[in-house]
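Asks: So the sequence lines, in the order shown, correspond to chains A and B. Residues in the first sequence are numbered from 1 upward in steps of one, following the working numbering. Residues in the second sequence are numbered from 1 upward in steps of one, following the working numbering.
Think of the hints as simulated: they come from the structure by calculation, not from any bench. Quick caveat, the model's predicted, so the values are computed rather than measured. In this text, a Cβ means the ideal position worked out from N, Cα and C, and glycines have one as well. Certain hints may be false.
[As the list claims (entries may be wrong)] The calculated label-pair distances, taken between Cβ atoms and stated as ranges, are:
1) E260(A) / A693(B): 21 to 29 Å
2) Q59(A) / V7(B): 48 to 56 Å
3) A259(A) / E567(B): 50 to 58 Å
4) E70(A) / D608(B): 24 to 32 Å
[Unchecked claim] Below, in silico cross-link-like pairs of lysine to any residue (SDA-like), each with a Cα-Cα straight-line distance of 25 Å or less:
5) K96(B) / M42(A)
6) K57(A) / R90(A)
7) K629(B) / V7(A)
8) K629(B) / T30(A)
9) K96(B) / E83(A)
10) K57(A) / D91(A)
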Amino acid sequence: MGGGTAVEWLAPSSLEEALALRAERGGDTTVVAGGSFLAILMNQGFVAPTSLLSLGKVQELRGIDVVDGELRLGAMVSHRAVERDPVIRRDWPVLSRAFGLVASPRVRNQATVGGVLADADYASDPPAVLCAVNARAVLRSPRGVRQVAIDELILGFYETCIAEDELLTEVRVPAALGPAVYRKFRSRSSEDRPCVAVAAARSAGRLRVVVGACAEVPQHYPDVCAEGADGPIDDAVAREIGAVYAKRMAPLSDSRGSAEYRRRVVAVEVRRAVEMVGADGAGNGAGREGAGGEE
Amino acid sequence: MGIDPRVAGAQRYSVDLERPGMLHAAFVRSPHPHARVLAVDASGVPSDCVTLLPDDVQDLHLYGCQVRDEPVLTPLARHAGDIVAAVAAPTAEAAKAAARLLDVRYEELPAVFDPVQAVSPGTPLIHPDGALSAGEAVSIGVRPLAGTNVCHRFRLVHGDLTAGFGEADVVVQQAFRTPGAAHAPMEPHAAVAEWEDGRLTIWTGTQTPFNLRGDLAVAFGLEEERVRIIAIPMGGSFGAKTFVRHEAPLAALARKAGRPVKVVLDRTEEFVTLNRHPSVIRVRLGAKRDGTLVAKELDCWVDTGAYADCGPGVATKLGYAGVGPYRIPHVRVDALAIYTNLPPNGAFRGYGAMQSIWASERTMDVLAERLEMSPLELRRKNLLRDGDVFATGEVMHDVQFERCLQAAADAVDYERDPRGKGLCVLLKGMQTPSRAAISVERAGVGYVIRSAACEMGQGVRRSLQLMGAQMLGCEPGQIDVPEPDTDTSPFDTRTTSSRSTHMMGRALEVAVRDLRASGGERGYGEVHNEGGLDPDTGQGVASTHWHQGAAAAHVTVDEETGKLTIEHLHGVAYAGRVVNREGAELQNEGSMIMGLGTALFEAIEFADGQVTNANLSDYNLPAIGDLPKRFTHELIEREGAEVHGLGETVLPPVPAAIGNALFSLGLELHELPMSAERVLAAVDARDARAAAADSAPEARVPVAVDGQGLSG
Ligand SMILES: Cc1cc2nc3c(=O)[nH]c(=O)nc-3n(C[C@H](O)[C@H](O)[C@H](O)COP(=O)(O)OP(=O)(O)OC[C@H]3O[C@@H](n4cnc5c(N)ncnc54)[C@H](O)[C@@H]3O)c2cc1C
């Protein structure tokens, strides 16, 4: 860690104070939420912050609320809380499911909704699913508030549009109107990050399919999904969507799989995800249990 | 009694050590896989730090457990991560920071990372001066090949190979590969070194206190008695904490500092400290039409990395274990332990057996398919039985291979339906020759048993308490088992190769008899196992008792993604007689889980000699969710049998059992791990073969393909 010198630990207890410190200190201090990502970087010597701004005591960031049918998750809500919250399990089961597939309970107790979006790791689970359900991130600074879609938030490898004086304070998820699934394909251990992540959601006649963990940022092709507008989606259409996703994408290679392998798996997993959400009509029904994963 | 101190957090490990006035060390490691150190500039290091530079170790000697090829600080970095200097500071953080301020200039040299390539002509030599044979410290004669990167060649010759293949009706040949793997014990390497009046004491988590003492005495030019090793219980080891590791530079740093110095390696350093030997193994196997094996040839390229460590021993054991538990009249084995510019590879639970069993037992199924015979039947027909002569010339006793194999087959109902199922049966040796001694003293209440058997979670203390209680007629809790200390514990070869319960149990019987005969206060017992193999012929005594086991796997495959599901995995170990049932069952489970990691996804990845996954997020270990749907095992016993070691037995057969299960579905895997991607490639290859056969039905496509692009 920081060369034997003590690291400054800022622990504001209100959002206002946190925003003020963030605005005042900007890049001189590093925001820490659950610390599960940051601590690895620090242990490996990739970053050596001299000051940490912990959001751990900011109670306002821990809320799970439903306002006008919209789910509002505070940035400091843990993955475990999303996984287990009874309202989320009932009304947004695909989120419980996806957050519950992250790593292990040890990591899920620590990792936060804000942290996983702000670190913008290409191999995380939540971004693809949040993108598929049209979630927006709320970014706040003393200058004001703005809401951005997930694909506006995540710009590249570990890169977001969060400004130096901003905090990600909340994630908002619209009411779930139709079936949604998250399929996490792991090529190695059951606690590994995804090799290919596919989220598919259908609501009000619209199909959204987002592939994560295969490129710098989650990938989705609205024009391809237009196929699945109304009525049940048949197997041929699902297969076609899978094939086009696989063809259009330029997957990356890492130790979870080569680009060529990922392309194969994308075709299969997209098809399977579309089949799962496509079976029951135009997707106007209640959120179907977000089954999926390899099981 | 109450809660196990490990669970209650009361157990002290070497990471917890404290000595008065202690400093903390950090090592300076070469970033290059092969480079000469030109200059080290320590002028930027704060004045409250002590640095250990090349000049400080001029008086020290090369050491090594089997080949004396390791310097305390190296003037020539032979792998990325080789230790070139060290710093001691008041805190661990300050030491790490100071280590970064040491400025080392290097001249980079061409490097080699593949064992087959490392023995091809014209490759750079990693130990150009050749290396000395360590002689007395070794259990086998070491046979370096001068002017090459081969630090040891083991050969086994039994019968007449050419004649043997001449008799064969069917011959199959295939090459197999295994990658390096991390032991990944929870506790990293840690130690404290302290000098007093020219005497060195080291507290360290080690499986090999007496080898460590001997090797450090060599390095520092001391009498062995001037080195004292206190072996603290380990938070896991699996072979990682054997022989000299971090202790040598630490001791030199403490000597320079004139104060005790402690080091705790971080996880990244663990990946460049000691790993499992990557290997390439080519098997040629010949049989009669009726399935009688007639000839087997094994060529093994065993990558020992930058230093030999126990690589010669691993190549030897890998070599003869690859023969398998079969009667084969004509055998030739040629196993090379080869230097490369990767981090050193050493003892790893199974000691080379996994690598060659993977290759050999996979080949058995290839042969069975060619013979259109059941893999179970082919094995049964050829298994060694009591009184048979093994390829090393040893007459086999207490042979239980058939029972082990049958138990494994029955567990998965193999004979009813073998589809998706695979078997593996194995023979594995124990450290031979070896010596174990133990003492028993009467204490206020109960007894004190002293030995150098090291506790690393395998439960050797508990086994000694249980065996002692039975022999001495007291409660296990009345037996104190202090930690090994080379000043007070009787000599023991080392705590490796699943030998402690077997060897110490026998020594303890002698010690208890001695105690009874000499007045009941004190007793001493010692057992020797003589033997060893001739390195040029492989004849002699490989093992005074054999580890015998088997495994069966049942798998299903998602053929669109290559993702495999293990429906059932069953392991079988021959225990002879079980001393500590719970402990033995845990050994089986632990071995099988480690075997699963090896089979499915564990591999140290390198790019130009740099480990690219040196953390436990990128390097996957099996988690509880990775256990097979059914995960079962058993211990085979025999009335009146002696105690058999079983700490490793069911690791080596796991990859081959899974590989054979895939093979039963037409999926041919030749390289570990059997990742989803490799399985999918095997699906494609099978489908391509089928398509080719459809278009030319008369031309039978051979299943086994010859050596996979081996240049050597
Ligand atoms: C062993 C292991 C396995 C894992 N496996 C998976 C997996 O399978 N799937 C998966 O999706 N993820 C996985 N992860 C990643 C894990 O989910 C992330 O580490 C975690 O989500 C980060 O959350 P955190 O709260 O701990 O963030 P932190 O580490 O505290 O912060 C992450 C980054 O975000 C910034 N930040 C945090 N909060 C805010 C905020 N509110 N506003 C602005 N910036 C902020 C920080 O400055 C930092 O740069 C794994 C992690 C580990 C350690």
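Asks: Evaluate each hint against the coordinates.
Replies: Do the hints match the structure? See the list:
Between E260(A) and A693(B) the Cβ separation comes to about 25 Å, which falls inside the hinted range of 21 to 29 Å. Separated by about 35 Å at the C-beta atoms, Q59(A) and V7(B) break the suggested range of 48 to 56 Å. Range check, A259(A) to E567(B): Cβ separation about 31 Å, and the 50 to 58 Å hint is violated. Between E70(A) and D608(B), the C-beta spacing of about 51 Å breaks the proposed range 24 to 32 Å.
Restraint check: the Cα-Cα separation between K96(B) and M42(A) comes to about 13 Å, which is no more than 25 Å; the hinted pair holds. For the suggested pair K57(A) and R90(A), the alpha carbons sit about 29 Å apart, so the restraint of at most 25 Å is broken. Proposed proximity of K629(B) and V7(A) is contradicted: the alpha carbons are some 46 Å apart, above 25 Å. A threshold of 25 Å between alpha carbons decides the hint, and for K629(B) with T30(A) the separation of about 44 Å lies outside it, so the pair is violated.
Annotation: proposed proximity of K96(B) to E83(A) is violated, straight-line Cα distance about 39 Å (limit 25 Å). Taking the CA atoms of K57(A) and D91(A), the gap is about 28 Å. The hint is violated against a cut of 25 Å.
Hint compliance for this structure: hints 2, 3, 4, 6, 7, 8, 9 and 10 are not met, and every other hint is.
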